[in-house]
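Line by line, the protein sequences are chains A and B.
Numbering of the first sequence is given in my numbering, commencing with residue 1 and proceeding in unit increments.
Numbering of the second sequence is given in my numbering, commencing with residue 1 and proceeding in unit increments.
Calculated directly from the structure, the hints in this document are not laboratory data.
Hints are not guaranteed to be accurate.
What the hints assert, rightly or not - Residues from chain B shown here face chain A by an in silico Cβ test under 10 angstroms; the list is partial: (1) R58; (2) R64; (3) F65; (4) E94; (5) P99; (6) G100; (7) R104; (8) N146; (9) D150.
Ideal Cβ placement from N, Cα and C applies to all residues, glycine included.
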Amino acid sequence: MKAKVIITPKAEVLDPQGKTVQTALEQMGCTGVGEVRVGKYIEIEMDGEHDEVKAKLSEYADKFLANPNIEDYRLKLED
Amino acid sequence: MNFAVLQFPGSNCDQDCVHVLRNVMGYPTQLLWHKENNVGDADAVVVPGGFSYGDYLRTGSIARFSPVMGAVKEFADNGGFVLGICNGFQILCEAGLLPGALIRNRSLQFRCEHVYLKVATYNSPFTSQIPEGKLMRIPIAHGEGNYFCDANTLDEIEANDRILFQYADREGDITDHANPNGSLKNIAGICNAERNIAGMMPHPERAAESALNEKDGRLVFESLIQSLNPASTTA
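So here's chain A without its partners, still in its complex pose (with noise of 0.2 angstroms):
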């Protein structure tokens, strides 16, 4: 199975990415723009049944594709 990884800056961490990004939307006249958040996504090729893949996809996260100080992170398995 195919699982994503999305890893975001926590809502209390600076994020300067997302801020210029958003004011370069602003600046080629794109309306409507509210808050821009710049993340890391990650896709894993995994063997195993998904509760497992889930369970061990979340150990690793937790330790290593995510700093728990400063990002939130999203799993998402396809079957």
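For chain A, the structure is supplied; the task is to place chain B on it using the hints.
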């Protein structure tokens, strides 16, 4: 007294640290490849700057799982002195040996320049020999030096006198303008609760000898040497 300087794929300040410790300060110093499982006879370990593992994923996030970091953790747990400089600071934070994280500079620019540092505490093995009131002039070179931690951690760090250095202007005032990266409280360096592990973004090894007409960084190494061996002469 022996020093060990770690070397990861992508370290690039390792030789500078070895040069300063071995040739300028005059102490036996070994390079320690990241696959080593122990720190040998080292009395202090320096985690140098650079771009370990290409800074992939997050700065320091892959280096912290190198075998040698397990040995460094054990060494530090037993009270050994560990100094992380630049990427070394980032690695120590990722490893959980120091709190918080270093995130992208608020300017998004890689900042490579001299800064002034105010010494926030002399009560550490890394700052004890710095003359009181001395404003340190030391270079920085980083894209991710913006120190961040949650509010409780920051309170704890401040309450326990764990900030070592803060970015200041040339008058010694800690201002937002003097903050090169957006660090909370202008933090340039901190230590752990037990005060044997320190991390700093500025590069003391790049300002440690008369040949460069830059000697302020030497005071950090003199402090470390004095702390390891109070009988040593550090003139």
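Going down the list of hints, with the structure as the test:
1. R58: Because about 6 angstroms separates B:R58 from the closest Cβ in chain A, which is inside the 10 angstroms limit, the hint holds.
2. R64: OK, holds: B:R64 within 10 angstroms of chain A, min 9 angstroms.
3. F65: holds, 7 angstroms
4. E94: Result: holds, 7 angstroms to nearest chain A Cβ.
5. P99: Holds - the Cβ of B:P99 comes within 10 angstroms of chain A, reaching about 8 angstroms at its closest.
6. G100: Where the cut-off is 10 angstroms and the nearest Cβ of chain A is about 6 angstroms from B:G100, the hint holds.
7. R104: holds, 6 angstroms
8. N146: holds, 7 angstroms
9. D150: holds, 7 angstroms
The structure fails none of the hints (numbered hints given earlier).
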